[in-house]
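Undergrad: Chain by chain, the residues:
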Amino acid sequence: MFPRVTAVLVVHHGGDHLRQTLEAIRSQERAPDALVVVLTEADTVAREQITKISPTHFVDLSQRLSFGEAVRAADRVLDEPDSDGDALWLLAEDSAPAPDALARLVATLETAKSVAIAGPKLVEWHEPDRIARFGRSVTRLGRSVTLVADELDQGQHDGMSDVLGLDPAAILVRHSVWRTLGGFDPGLPTVDDALDLSIRARLAGHRVEVVPEAKVRFAGAGVAGPETGPKARTTRRRVRNTRAAQLHRRLVYAPLVLAPLHWLTFLPLAVLRSIRLLLVKAPGAIPGEFAAAVTTMFSGARVPRARRRLKSARTVGWSAIAPLRMQPDEMGRRRQHAAEARRERARGRKHELQFLGTGGGWVLLASIVASIALFSWLFGAGGVSGGGLEPLSNGLDALWRNAAYGWRDIGPGFMGGADPFAGALAVLGSVTFWAPSTALLLLWLLAIPAAALGAWFAASRLTERGSLRAVAALMWAFAPPFLIALGDGRPGAVLAHVLLAWLAFAAFGAATSWAAAATASLLFAAVIAAAPSLAPALLIAWIVALAVSGRAAVRLVGLPIPAIVLAAPLVIGQIDRGNLLGLLADPGLPTESTVPSVWQLALGLPDGSWGGWNSFFATTSVDFRIAVSALVLPLVIVALTAVLAPAFRSAVLALGAALLGFATALLATHLALSSSGATAVPLWSGAGLSLAWIGLVLAAVVALDALRRGRALVAWVVLAAVVAAVVPTAIDLATGTVAVRPAAVRTLPAFVGAEAENDSRVTTLRMTPDADGSLRATLERGAGTTLDEQSTLDATALTLSADEEQLAEIAGNLASRSGFDPEAAVREFGASFVLLDDPEVDDRAAVATAERARTALDGNAALVAVGETDFGTLWRFTSAEPDASAAQIPPEASSWLVGAVAVVQLIVLGATLLLSIPTGAGREADRSPQRRPARRPLIRARKPKPVAAAGGAEDASGIVAAGSDDGMTSPPGSGSLEPAPKTEPVDDEPQAAAFYDEHPTTATDDVEPSADATDGGEPEASEPPRTEPEPDATEGDDDGR
Amino acid sequence: MAAERNLGRRLARIGARGLAVVIAAGIAVGALAAAALVPWPEHRITPPSLVVKPAETGQLRVCPGPLLSLGDDPDEATTASSVGTTSVTHGAVPDDAEVAETPLAAPENPRADRDGTPLALTTEAGAVEAGMLAGAQGQQVSRDTIAGYAAAACDEVVTEAWLVGGATDVGRSGLVLLSNPTAVASTVDVRVIGEGGAVDAPSGLGITVPAGEQRVVSLAGLAPNLASPVVHVTSTGGGIAASLEHTVVEGLTPAGVELVGPTATPAEVQIIPGFTVPVDGGVDATDDHAEGDAFPAVRLLATGDDPVQVSIDIAPESGGGGGSIDATLEPGIVSDVPLGDLDAGEYTIALEADGPIVAAARATTGSPQAQTDPDGDDREASVDLAWTAATLPLLDTAVIAVPRGPNPVLHLANPGDDEVEATLTVDGDEREVRIAPGTTEAIEVEARGVVELDGTAGLHATVAYSGERALSSFPVRPPGPLDSPLRVFPH
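Note that the protein sequences, when read in sequence, are chains F and Z. First residue of the first sequence? That's 158 in the numbering used here, and the numbers climb one at a time after it. First residue of the second sequence? That's 9 in the numbering used here, and the numbers climb one at a time after it.
Please note: incorrect hints may appear among the correct ones.
[Claimed, not checked] Using C-beta positions, here's what the derived DEER-type ranges look like:
#1 F/Ala-1043 to Z/Leu-40: 52 to 58 angstroms
#2 F/Ala-1043 to Z/Pro-118: 49 to 55 angstroms
#3 Z/Trp-48 to F/Ile-1074: 17 to 23 angstroms
#4 Z/Pro-339 to F/Trp-534: 34 to 40 angstroms
#5 Z/Asp-351 to F/Val-1021: 39 to 45 angstroms
#6 F/Thr-589 to Z/Leu-45: 55 to 61 angstroms
#7 Z/Pro-339 to F/Ala-1050: 33 to 39 angstroms
#8 Z/Ala-24 to F/Asp-286: 50 to 56 angstroms
#9 Z/Val-46 to F/Val-1021: 56 to 62 angstroms
#10 Z/Pro-339 to F/Val-584: 51 to 57 angstroms
[Claimed, not checked] Here's a subset of chain F near chain Z, in silico, CB distances under 8 angstroms, partners left out:
#11 Leu-801
#12 Leu-830
#13 Ala-1005
#14 Gly-1016
To be clear, the hints were calculated from the coordinates, so they are not data collected in a lab. Using N, Cα and C, we set each Cβ at its ideal position, and we do this for glycine too.
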C-alpha cells in the first residue's frame, strides 16, 4: 500500500515565515497525505493564514507548548498507523521545504526499511546556499554536537547518510516508531529532543539517516529546537537549555547505579564550570549554568519516566551506537581550529602599546631614579614609619583576620566590619609574607615608578606619542598631593594615587574586554578602600561613564560590585550608628593635618603648606604664593584648552573628573570625621586633589595631542613647571625632613616586646597627655597596635561604648590619687603594663597632666615602676599574669556570621579576580564603540570565506586609523570615555554597522570557519563561553541605532 | 561659492571653539570662586570623652617632725638627732572626721623615741574632701646650738619640690628632710643650685626613702660653702614631703632656725604674702657686697634656660607706697636680692618675670651682730630667722591648722582685679572678710586652732608668727591636682 505521510505543522506566529512554509508544503512534488496544524498560543495572523489553507486536522492549543508536546497533541487526533510505511513529517512554521524534499525523505524511508527517521539538510532561510544544521552526534561524554553548522553548501557533505541524531525540524518519522518510542521526551522541551528520539530509535534497532538531497530552509525561530537569534537573552536561554538537556540526558542514559552519583556532581560541576566561564570571560552564562543544574536536579518524575521510556523500547546495547559518536580526535581538531580562530581575532584587536618603542622604558628608568634619589635614606631600613604609618600585623592569619568582618582588635575591641583598606593592606602584606611590614617600605619605594607607569598606560589610551605619554607619566608621578602624602606618611592617599592612574587605564580598556572591566572593578574597590572620600566622585564618574559608553555599559555596570561587597559590613555598621558620613573617613591611623585654603587646594597642596615655597622665598620680595601659582598655571591652562581638541568628549570627561576631584578636596576641608584622642582629624583633601590632578593630566594629554606644532615643546615646558613647583617638597623628601622615617625596631618598649614574644596578647595601657590637660588612654596588645588593626568604625565613633567608658574610668583613676581599685585594669582588660608617654615639652597643661599621672602611678602599690624608656615611663602591674583571659579575643567573636560574610566577600572577589585574568583574548566581542569599520572591505572580507571575515577586524581597525579626520588619529580602543568620537559622519552608517555587526556573530558564534568536509560546526552545547551572550546583545542595539 | 561656504564653516568652527574655551575657563574660575566665597557647611565631630572624677580616697598629710641638730653627739658627728618635740595641730572639715596620726619611722634619729618622729595624718576614704584636711607644727627651741621658732605645714606628698632657703657658709647648716608616708619606696634626687650655678653632688641622687620612713640629708654634705642655695627635690616611686631645716649660728651663739617648706612651682608670677619684717633696716638692693642673713632679701632662681627680667614689688600691708626693684636673673644661678631699707611691718611681695622663676623671702628679727658685738645692744636680743615662701592660689575652700606659736597672723592676699569676700569660720564663729584687689588682709588667729575658709578662690595665704626670738611662717597650700577630675579620651 502506498505509505501515508502526515505533515504536522506547528505554528506559533503568523507572517512571512508561515506564508512561505505553507507555500512550500503546497508545492511539494509528493504532497503529504494529510496536514495537521497545531496552533500553540497562536496569534490572529496565524489563524487567518491557517484557515485559508483548510488543513486536514486543526488542533488549537491555548498554551505555548514545546515542539514535542505540540506534535504529541497532533498525534492524538490521528488514527493508528496502517503500516510501517506511514510517517509523520514534523514541520514548524519556519521550516520551508524545497519542492522535492518530502519526496526524497519518503524515498529514503521506502528504500531502507531499517531507517526509522530521516532528516533533511537544513539550510539558512535567507541564504539557501548555506547549511544551517545538518546532523547531530554526541561525544563520548554525551555532549551534543552538530555535525555541520553554518557552512557554505558546496556539496561537501552530500555523502553523509547514517548519523546518530538530528535536529527536530522537518524530520520524517515512521509513525509506528514514533508511537513505540513515545515521541519526544518531555524532559527535553527545546534542545536535543530530536537527538534523544534518534538515539532511542537507534537503541530500538532502527537507523537514522540524513538525506542531503532534501533541503529545508530553516529560520530557527524557536518553534522547533532552540531559538537562534543574536539577542543576548536568547543566547543565554539557549546555553542554559543546552546544558539542562545535557544533564537530563546524562541522568537518563547513565546506568541506574551511577545516576545518583551523577546527580550529586551537578552542583560541584556547575561551580567548576562557572570558574571556567569566568576565565573565558563569559560571566553572563553563569546563572544559566546553575539554573540548568538545579532545574535538572529537581525535575520531578521526568527523569524516571524518560528512563522507563528508554528501557521499554531498547533492544540493542549502547555499544551499537558507539561508532556514531563524535570521535575524540575529531573533537581535538575542532578545538584546535577554534583556538586558531580566536588567535586570529585577537591579533586584530590587541592594543599595541609599544611600551619600549615609545619610550616607556625611559619613563620607568627616570621614575626609578627619582624614587631612589628621594628615598635613599629608606634603603636598608627594615620598614617605614612616621605619620600614619604603623607596622602591619606579623602573621598572615592576623593580617587577614583584620581584613574580615569580625573582632576589631583596637582599644577594648568590638564586633564590626573591617575597613576595606585593611583588605588592601592584607594583600600588600601577603606579598612580603615573611615580614608583612616590609610591604609598606616596598610601597614607599615603588610608589613613584608604579604611579608613573600607571599614568603612562592611561595616557597611551589617549595618544600614540611617546613624548606625551612620558610627560603625563612624570606629571602624575610628581603630583604635589602625591609627594606630600609620601612625606606625611599617608598609606591610603599614596595607594589611592598610585592606583587611580591604573584605574583610568583599566576603565579605558573595559570596553574591549571583560578582563579589563574586572580589573577596573578591583582597582575601583582598592581606590575607594584606600581613600573612601573619593567614593562619591568615583560613583558619579561611573554613572556618567555608564550613560555615555553605549554598548560598553554592559561591562561597566558591575564596576562597583566588589567595592560594595567589601564595604557592606562597614556601611551597615555606620548606618546602625547613624553616622553615614563616617564612611568617608580616611582609613588607617587618624593623622592630623592642617586644613588648606582654597588657594592651596587649587595648587594641589593638601596639607595647608605652600609646598615648602614659603621658606624658599623668605629672603626675596617675590610672593611665594604667586610664584608657585605661576608654576602650576601652565598645566591648568593647557588642560582647559583640551576642549579645542577633536576628542571633545574625552576632554570634557577628563576636565569633569578634575572638577569632581576639586569638589571632593573642597568637601574634605569641611569635614573632620575621625578623632585621635582630643583631636578631631580633618579629612585628607589630597585624595580629591589626586583625582583632580589626573583629570588635568589627561586633559592636557588630549589638548597636546591635538596640537600640530610645538607639541613636545609645550609639553616639556608644562612638565618642567610642574616639577619646579614640587622642588621644595622633593628636597624635603630627599633630605628626610618629613614625618616619614625609617621604622624603629618596635613601637612599644623593649620590655613589653620581650613579654609579647611569649604572650602575643600582652596588654599595655597607654596614656598620652593630650590637649588642655586631658589624657588619652588606649590599649595596645602584643608588640603594639598595627596599621591593619585600625578601624574607621572606632575612629569615627561619636559616643563611647561601655567598654571605652570603663577604660576611661580606669585610666582616669590610675592617673589620679584615687580610692579606685587599680586591679580593675588587670581584671577587665588583662592589662600587664602601663606606659605613660612623654608629653610635648611646650604644652604646660600636658606636662602637668603627665606629672600628675606619673605621681599617681608611682605612688600606686599595685604597680612596679619598670623605668624610663624611649617611649615614656613604664610600669607593670604586680598582679599581671601572662595570657590573661581578659586580654583574649572573646570566643563569641567568631560566630557563623563572620564566616558567612567572609565567604560571600571571597566569592565575589575571587570571581572578579578570575574574570580579570586576561585569558579572553579573541573570545570577547569588542565593545569599543568607535572602532567603526568602513563597510566595503568588510563585505569583501565576509563574502568569500568566514576565515577571512575573522581577520576582518584587523583590517577594519587599520582602516579606521587611516581614515580618521584631520590627522588627529585616535588610537584604536582609545577608551570607553569616548564612545562616539570625532569621526566624520558616515551617512550610511547604520548599514555599515549592520554589516559589521553580523561579523562578530559569525566570528564569535559557534562557527567553525574551516570548510573541511568532516568538520562540522562548533558544538554550541560544549562551548557555552563561545556562544558569548553579550556580543549578540549589542548587535541588537546597533541595528536600532 | 564653495570657498565661501568653507570660510563660513571655518569661522563657525573657530567661534565654537573659542566659546568652548571661554566656557571651560569660566567653569574653572566659577568653581574656585564658589569654593572660596560660598560658606560651605562644616562638619567636625567632637571626639568622645569622659570626665573621670577619681574615686574618693583618704587624705594624707605628713609633718616634718621635730627639729634636728647635727653633731650634738660628738661620737656621731654626722648624725642629726632631734631637739625637743614639736607640737602638731590638725583639723579637718567636717570637723567630726576622724584624723589618724601615724608616726613615721626615723631610724637615723637616735632620740626619736623620746622626741617623736614625723607624723602622717590620714583620714578614711571619703571622710573629707580633697584639701579639707590640714595640719601644721610649731616648735620653739633654745639650746646652745640651735635656738628660735620654726613653724611648718604638714604637706601632701609630691614628686617635685623647690626648697628656696638655707645656706652652708660659715655658721649656717641645712638639713633636707625627706618623709615618705606612702606604701611605696621612693627614690629621691636632691639637686642643689647655688650662686655659682648647679652643684655637682652625685651623693644627692638616688636616695632611697623606704615606705613610711624619713631620711635626712645634710645640705652641707652635698654643697658646702654656699651662701644662697636652692634645693630641687624630685622623687620617683612613692611621693615624698620635703622640707629644709635652716639653722644659723653666729660665732658660738645660735641665731635662728627655720623649717623651709616647698615654695610655689616655677612660674612667671609669684606672690609672697605675709612677709614679716620685725625690725627697721636693710641693705640697698644695689649693694653687691651684703653678706650674712641680717637683712630682708628675696632669693630668686630662673629655672628656665634663658635670662629673666624680674620686677619685685614690695607692698606694705598697711597700705602706702611700696618699693619696686628690677633685677636680671641668669639662668641656673641663684640670686639673693636685698629688699632695701624696710620699715618693720608686714609686706606682700609680688614678682613678675618674663620666664619661670622660684622665689622665697628671708627676714630676721635682729642682727646677730647685736649679740656678738661687745658694744651691741643686748646679748639676749631677739634673734630668729624666717623664710617666707611663695604661695599658690587657693581653691574656693580651704582649712588651716594653726600650731602653737607666738602671735599667729593669717595673711590673705588678693592679687586679682576683683574684691574677694571670704568667710572665716573659727570654732563655729563665722566672720566675713573683704579683701580689696591688690591688697592683703592680716587676720589674727588663735594658736592651736583651726580656721575654715570659704570663698577664697584665687587668694594667696600665709600664716606668719613673730615674737620674742621667734619669727616663722608657713604657706597655705591648695590641694595638689591629683584628685581633680580628668578628661579622658579612650580612642
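Undergrad: Provide an ascending list of the numbers of those earlier hints which the structure does not satisfy.
TA: 3, 5, 6 and 7
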